[in-house]
Structures are given as structure tokens and as C-alpha cells.
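J.: Sequences and hints are given; from them, build the entire structure.
For the sequence shown, numbering that gives the first Met the number 0 assigns the number 0 to the initial residue and increments by one for each residue that follows.
Since the hints were made in silico from the structure, they are not lab data. C-beta atoms are modelled at their ideal positions from N, C-alpha and C, and glycine is treated no differently. Treat the hints with caution; some may be incorrect.
As the list claims (entries may be wrong) - Across the chosen pairs, the derived CB separations fall in these ranges:
#1 E32 to P11: 19 to 25 Å
#2 R1 to Y36: 33 to 39 Å
#3 F16 to Y36: 28 to 34 Å
#4 P31 to P11: 16 to 22 Å
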Amino acid sequence: MRVGVSTLIQGPSDVEFVIECERLGVDTVWVPEVWGY
Numbered sequence: 000m001r002v003g004v005s006t007l008i009q010g011p012s013d014v015e016f017v018i019e020c021e022r023l024g025v026d027t028v029w030v031p032e033v034w035g036y
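T.: And the structure:
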């Protein structure tokens, strides 16, 4: 089984969340794509 998570990256604590997910063995981390014009 593969595990993925989706999250917003809005600050340093969110980056720590992603690092912890990797440590726990999460296969993929998805973040929204933002376009600005």
C-alpha cells in the first residue's frame, strides 16, 4: 500500500510536517500549485 498526503505550505511548521511525513514513510506529499499574473 502507498500513502500520500495533501497539505498547504504556509510557514516553517508546515515544512516540518512534510519532513515528519517522510520520516514516517509517506510515499508522496501533494501541495497546491499557485499561479499569479
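J.: Now tell me, hint by hint, if it's right for this structure.
T.: Against the structure, the hints:
{"no.": "1", "hint": "E32 to P11: 19 to 25 Å", "in the structure": "holds, 21 Å"}
{"no.": "2", "hint": "R1 to Y36: 33 to 39 Å", "in the structure": "holds, 35 Å"}
{"no.": "3", "hint": "F16 to Y36: 28 to 34 Å", "in the structure": "holds, 29 Å"}
{"no.": "4", "hint": "P31 to P11: 16 to 22 Å", "in the structure": "holds, 18 Å"}
In this structure, none of the earlier numbered hints is contradicted; all agree with it.
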